[in-house]
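Engineer: Chain residues, written in single-letter form:
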Amino acid sequence: MTDAVVVVALLAVAGCATAAVANRDPARQALILAVLGTSLAVLFTVLQAPDVGLSQLAVGSALTPLLIMLSVRKVRRRSAHGKDSRQ
Amino acid sequence: MNPRTRLWLVVLGGGGLAALLVAACLRLPVFGGPWHPYGDRAVRAALARHTANTVASVNFDQRAFDTMGEMTILFGAVLGCVVLLRQARDEHRDPPAPCEVAAPVRRYALIVLPVALVTGLYVIAHGQLSPGGGFQGGVVAATALHLMYLGADYAALERIRPIEAYEIGDALSASAYLVLGFAGVLAGSAFLANTLLPYGTFNMLSSGGTVPLLNAAIGMEVACAVVVLLARFLDQAVEIEEGSGE
Amino acid sequence: MNGWILAATVVLAVGLGTTLWGVATGPLGRRVVAQNLSTALVCPGLLLLSQGYSRTAYVDLALLLALLGPVGTLVFVRLLADELGDNPPQAWGPTWVAAGVGTVVVAVLCAVTGPGRAMVKLLVIGALLVGGNLLASRALSGGFPGVSRD
Amino acid sequence: MTAVMHVLPYLVAAYVFLVGAYGLATSRNLIHAVGCLAVCQSATYVLLLAVGYRDGGTAPVFSDIRPGSRPVVDPVVQALTLTDIVVGATVTALLLALTVQIAKRHGTVDPDELRELRG
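Protein chains in written order, with the numbering used here: chain A, 1 to 87; chain B, 1001 to 1246; chain C, 2001 to 2150; chain D, 3001 to 3119.
So here's chain A without its partners, still in its complex pose (with noise of 0.2 Å):
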């Protein structure tokens, strides 16, 4: 019975998909993709990978995110920079 925690981590990250692919700003998505790396994290852990657990924990809990947030701020003070021409 140790499947029960199975279904729980691939509940979660296919509730975590569907959320990152619904939330439409680019900042809550990559919220909601942080939450997605813990739990595939979570996932390899249960069906006993922990060597791609650490890749992902690595991965998905800082790095994704401040590529995604830094490019975000890029594209964001562009369109700023570009309506009113101040800065």
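The hints are simulated quantities; they were obtained by calculation from the structure and are not laboratory data.
Some hints could be false.
Unchecked claim - One side of the interface only, derived from the structure: several residues of chain A facing chain D at Cβ under 8 Å:
id, residue
1, L10
2, A20
3, P26
4, L47
5, D51
6, V52
7, S55
8, Q56
9, V59
10, L63
11, L67
12, I68
13, V72
14, A80
Every residue, glycine too, gets a C-beta built ideally from N, C-alpha and C.
We have chain A already, so just place chains B, C and D on it with the hints.
Structural biologist: For chains B, C and D alone, kept in the frame of chain A given last:
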């Protein structure tokens, strides 16, 4: 094509794909089944070469050539980012105003930075024994350096991160992997063959032949690559402004 | 299924369920709080799983999450400062609950492991986890005077 | 329960892939589209690791257990997945760099507006 037609097309194609995927899922070997021919052979081969972490053995010994391909993709992606995010002629650098960070956050960052750096190096160094390895540890070590940006500001990060050094480190570690591969050829066997060094004692740091060396090269490569990548993004997001300056 | 895995299943189901709901709906501030809580609750779950599978090697996962989880939240705090500045989210109830779960799990595991290197590692994870999440939560609620939000 | 469990992980992988593809096709913001692509990528990880799982198995890492004392899961798929996660993150970074460049040159990250710009 208007959005409505496109949505119908997506639904049609997606529906067809979904049907095929479900049909394929029902014919796959059942989840959790006992039949893993490749896995069993990989475990036997790894134990024969005294590598405790079978996954590291697959990555850096049995499929080391494949990992070289992955490394090339990584190198190419970083090169692409560096070219795309360089400072264009119509842009200028505008050093951001120093940012005041709350004292507890600064203290936290300064305490956690060395801990995270050491953890990253530990994960790389024990790659052939316990879960971990160059890919994971490299990302952790590179992320650790960027605590400087969170704990202080961008200028402080730039002081501890001479970017040219990391670019050179990236190239050096990529070539170190190739050199280790060719060393196998010179020693009379095949490219990236794990026959150079003695296999050592099982479950010791120096076990596994060339696995720890290739692992270290990948760790350095990944760490340098991530630092260079994040540097380009931070430059764009924080420093580089449009317009050619005054 | 042993008791450790059962406990981990409960912690993960409750933790991931509530944080997924929190991060997918509502105002931006609440979403960042939920992201912070997701790492605070998943980390004890990973520790329980490591004990349940009786593999000490799996503890490295919890160590990495305890280190990098709060860092991820601080990234959002820093780069979303403008949006969060007007209406800083306050969520001390859930934060203390998560910190309590983390403390209890680490204490129980320490008692089971007994003194030694493994216990030191567990204590380091516990300190990083609870300290990091309380700090991230406080930074999030704008609880630090004299912070200029750029 | 067991019959469902035999295919559930594969079905979840297929679902995650399709959801990501739907988001990719209907996205109105290139940064959001890159995030959807990351979702599609994670579907492949779920599928690969589900194929390699063995009931009652444990990780093929022998630093804290004796070799042969417990059945182990397939290490080959794990090795494939773990390299791809890190390399996939750098490819995501390359796509984000392209998006930043598009925003600079065309002033928008909406694919529909970009199509109109081209004529």
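Engineer: Hints first: check each against the structure and report whether it holds.
Structural biologist: Hints, one by one, checked against the model:
| no. | hint | verdict |
| --- | --- | --- |
| 1 | L10 | holds, 5 Å |
| 2 | A20 | holds, 5 Å |
| 3 | P26 | holds, 4 Å |
| 4 | L47 | holds, 5 Å |
| 5 | D51 | holds, 5 Å |
| 6 | V52 | holds, 5 Å |
| 7 | S55 | holds, 4 Å |
| 8 | Q56 | holds, 6 Å |
| 9 | V59 | holds, 5 Å |
| 10 | L63 | holds, 6 Å |
| 11 | L67 | holds, 5 Å |
| 12 | I68 | holds, 7 Å |
| 13 | V72 | holds, 6 Å |
| 14 | A80 | violated, 12 Å |
The structure does not agree with numbered hint 14 stated previously, though it agrees with all others.
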